[in-house]
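Enquirer: If you're matching them up, the sequences are chains A and B in order. At position 613 of the first sequence the residue is numbered 613 (full-length UniProt numbering), and the sequence of numbers has no breaks. At position 551 of the second sequence the residue is numbered 551 (full-length UniProt numbering), and the sequence of numbers has no breaks.
Some hints could be false.
Which copy? The list can't say, so a pair holds if one copy fits it or any two copies do.
What the hints assert, rightly or not - Listed next, the in silico DSS-like pairs over lysine-lysine satisfying Cα-Cα at most 25 Å (straight line):
| no. | residue 1 | residue 2 |
| --- | --- | --- |
| 1 | Lys554 | Lys104 |
| 2 | Lys353 | Lys507 |
| 3 | Lys104 | Lys631 |
| 4 | Lys173 | Lys555 |
| 5 | Lys240 | Lys298 |
Simulated from the structure, these hints should not be mistaken for laboratory data.
Protein chains: 2
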Amino acid sequence: MPLAQRSGDSSEARYCGAEVGFSDDIQNALAFALGGQFDFIVAPLTDPEYRPSEGKAGPPPFAGSDLVLSPSQWSSHVVGKMSAWIDLDSPDAVARQDAELTLKQELSWATHLSLQACLLPTPRPLECGNYARCVNQMLQGLSNLQLWLRIPLVAPELQSVEGTAEEDVAFLKRDPVSGKPLNDSWEWWNMFRSLCEHHSQLSVALDITASLPSPGSLKRWTGEPLRAAIVHTSAFLTNKRGYPCLSKRHQNFITSLFSHNVQIIVSGESMHHVDGIDPTTASSESSANGSDDGLFPKHPLKPYLEYIAYLYRRMDPPTEQERFEIGYRDFLQAPLQPLMDNLEAQTYETFEKDSTKYTQYQKAVFAALMDRVPDDETTVVLMVVGAGRGPLVRASLQAAKQAGRRLRVYAVEKNPNAVVTLHSLIKLEGWEDLVTVVSCDMREWNAPEQADILVSELLGSFGDNELSPECLDGAQRFLKPDGISIPSSYTSYIGPITASKLYNDVKSYNDLAHFETAYVVKLHSVSRLAPPQEVFTFEHPKFTGGKVDNRRYKKLLFELPEDTGSALVHGFGGYFDAVLYKDVHLGIEPSTATPNMFSWFAIFFPLRRPVYVPAGSALELHFWRCVGPSKVWYEWAVTSPDVSPVHNANGRSYWVGL
Amino acid sequence: MPLAQRSGDSSEARYCGAEVGFSDDIQNALAFALGGQFDFIVAPLTDPEYRPSEGKAGPPPFAGSDLVLSPSQWSSHVVGKMSAWIDLDSPDAVARQDAELTLKQELSWATHLSLQACLLPTPRPLECGNYARCVNQMLQGLSNLQLWLRIPLVAPELQSVEGTAEEDVAFLKRDPVSGKPLNDSWEWWNMFRSLCEHHSQLSVALDITASLPSPGSLKRWTGEPLRAAIVHTSAFLTNKRGYPCLSKRHQNFITSLFSHNVQIIVSGESMHHVDGIDPTTASSESSANGSDDGLFPKHPLKPYLEYIAYLYRRMDPPTEQERFEIGYRDFLQAPLQPLMDNLEAQTYETFEKDSTKYTQYQKAVFAALMDRVPDDETTVVLMVVGAGRGPLVRASLQAAKQAGRRLRVYAVEKNPNAVVTLHSLIKLEGWEDLVTVVSCDMREWNAPEQADILVSELLGSFGDNELSPECLDGAQRFLKPDGISIPSSYTSYIGPITASKLYNDVKSYNDLAHFETAYVVKLHSVSRLAPPQEVFTFEHPKFTGGKVDNRRYKKLLFELPEDTGSALVHGFGGYFDAVLYKDVHLGIEPSTATPNMFSWFAIFFPLRRPVYVPAGSALELHFWRCVGPSKVWYEWAVTSPDVSPVHNANGRSYWVGL
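Just chain A, same shape as in the assembly (with noise of 0.2 Å):
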């Protein structure tokens, strides 16, 4: 049964497991496993003596007929573990025949089965080539099963003290033809999948022991796909009533395990005597006694699964704001072009609900008000440039009433069908007389007066992105010489990310285009390698006598910290930050985000091929913002340590219409 029942939580993270080992009888080893709480068993399906070379003829020894379970019992309960021998790259060619054949038997029968999914054996450490091509033959051909690759989070060897992997970045020990670190079990996954190409149905199960590596190693998984952790008993602690617990350091990665989705499997002998139950007899083959319903004695692993149970109920219930996103997360949705399209009511209707945003607008009006005018004698012209259905003209007349000023405001908007919403709603607060309605392409406008304050909320993910530059600059012809623009400038950032799910989906759309396209996203799965960086910056007004060079071009050098270890770009999360007036700012870079805000994800650019950054590397990145009669595009590369290609030339891809 799930770790916990909490409304609405539809986590595949509250399923639990118990990795068992080869048994006859598999209908009694998934009875005594659900009867201790646990809600899936990770199964050997094959007797792990069964060498194919050394056998007689007949089918394998599977671990009984497909009837002893039925096929819903099959697929919901049981995950497929492939024998452990499988050792594709031994010098051994028996052997590897044999772990090939194996391999192939086992699979095949587990599709035969619906299983959910299989757990493959850990590769050998950065030599796993023929290992690679045999699964991703088989990937080519499976319908619905998941295969999960075994990796330790801590190789082996590193485990031997503990605690020595949090400290060891170094990861001395060098594959001596490709130089990267035979220790860091990151690469093994890195190698693997790379040979199997990124394959959507190919994740890691990762084994947890009592060792874990640096924060910097250890955030990188979450980019990754990630389907389950497998907690060995041996990563427990005790506390001081004889149950298992575990370090906060353990506690803190299961419990962000959790909010991506990863399942826990418990795996290992029974360390911690409780309940009075003796774990050396407790087994599954045992008779009933000293049971929990009556059936089967009490399951050795509970007191684990207790204690994975506790690190789930305890979580914090999601925010409003997390309720919010939780669909859109690693999402890809195309970004709006508001200046070419119309946006639907139903999209005005969301953006109106971000009372944070109106409210610093209405700090940045009230501040520029402030500054403005030292008394109430005169009446100040504000315009809202694109001010869609009017919450903007809402934030600036309450600016003007906390601040005890007049103003005549014009509210401008290109969508027709906005200005219709608009009209009404002047009517119904009784603002005839202090709005006047334009329904007019701001760049096109010919106002009657010039404005003191400018106000406009055309700003995107990424800062400039929906062309706001643009507009602003054929706007500040009604502004006047010491007007002031709200906003008054905004930066684009961008930061490279691992976003295996993103760069899946991009991949799956099969063409080059939608590798050159820019999505907005709320990114969740993806580890953010380095702290974002100032892309381009924009102020507005810019009185520079003729027209406004808006084009830019950028080249950002980006350090991974350094116990990181080596990692896997996907592509860039790119954020904005913008100075609404003074000291207001508004925006999503995520070391200054403004708090519970939820109208702009973040932007996700992909890279065509994912770039290997080994440790110790920069990667170098160029972007530019390119201007043409009829559209604004970007176009970006990586330099180093790899050469892209340029992505998105002359916006062939991706453009934002002027």
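Based on the hints, put chain B in the right spot on chain A.
Expert: For chain B alone, kept in the frame of chain A given last:
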């Protein structure tokens, strides 16, 4: 006029150009060069003083209007030289903008003039992101114009001390970000073209001065898209009579360029005053005196041109084999599938002409007969499996006659069309008593008796790739236990190559399948980066008691010679060597290739993405021969320095039918 008139010579290399300075009067500049026997000029299109940011409105100061030359003169005799001051990676934003605008104007003008090629200025060492982005944008829209990126063969810094470059393979100065050697000019090219995604209209013009790099470094360029070599007058020595000449190494390099269709351009001030011409006075501006043809003074660069022409004329005329092969050079062909398809008469005709091959077979049969029977009393049963139209039958009978041995020949052939020819041959030659024709697949034939000798020619360019192993395993049923197979064994070889042209040809199909297919190709403009290594060996007969396992797996490690520097690997050249009988071999592995044999070209296994191999790194290749119920295929993957996906999983793109 061309350097020489050689019969059948259609090489671009016979045209030689001169690099000239900016002139208002390009008509006169061209006439002067043509008068000096040059075929074309490389001339700036714009006044070098021009800077858009400083200029007044109006069109740029182009070198004359398009009307000063006829369209065919522009296109046949002028290569546009882009302004040398263009520096798109300048830290100065105004300089960058001037550069971008000018480059675009000049290329647009060159397109208007229908020029065939433009020469682009040398990029900054490993700092060409913005330049490449700009060129890449323009490449997307070019129709026929070729862009030649000017790259010094030896970085200017290494040219300072004469001859040092030759020894300097360390390129000690490294880029602080990428760690790449800043002084290896090949790296500049590689970064630039990688950013431009190996665009087929982007190629190299190499500047050649007095220094040459190490042989390994030089060799890399053979596989690159080299269109022109700009030989500076400073590269020349002076012979006893005061005339310019080149060092032996320069001569060899220039001659090798000729054979790869590279055009020579002479550049620089004349440093040799020969024929009474003082080059300091004889410039294109001076009026006619001491002229060649009464119109112009003798061209100051003519002595250099004459020396280049001398090198060109001095080349050996092509051999018969070269004349046969020339049309096939670097041309991708699908490998034959003689087992699945029936060959056509034309194909038999071509292959039967390869007398060297059949001489080797005759030698092998002769040696086998001498070993097999001590005297001529016994009749030897010899079966030709895959007899085709009979060439091996003829070679075998000739060997028997030579050896004084009696033969009974069975000619087994599955292609019914070839069998028709076979019957007429036997009648024509009067071999009715000696030869029995069997119209049957050797894998199915019920032989009436056991053979002493089995002769076959089922080898493909990669040895086993036309399924010789499977055919001969099937045929060995009717070979005596002590019988002989000719060939008795064969081995495939493979080695990494730079093959820019082949890569682009594969890429132009724009699909995955062509990147996972092997091609038969006469490798010519490629650079073999490391000696080929053995891959798979098959021996015949192979009596195992059961089915022979013809699956194979080999891991290969290639180390590039120390003096090569870094290189780009586009794929692998494959070859074979066969032992026909004892010391009689046959093969195309370059170091042991049988001379004057044209039946086999190499085989090319492409990589989906070229692999950059840094200086001093090794390349690790995995190669598999996989066997299914109805087909045989290869899979391949690189695991160092980069990890590629496994190519051709399950033979999805390329396979040979059983």
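Enquirer: Honestly, which of those hints from before does the structure not fit?
Expert: 2
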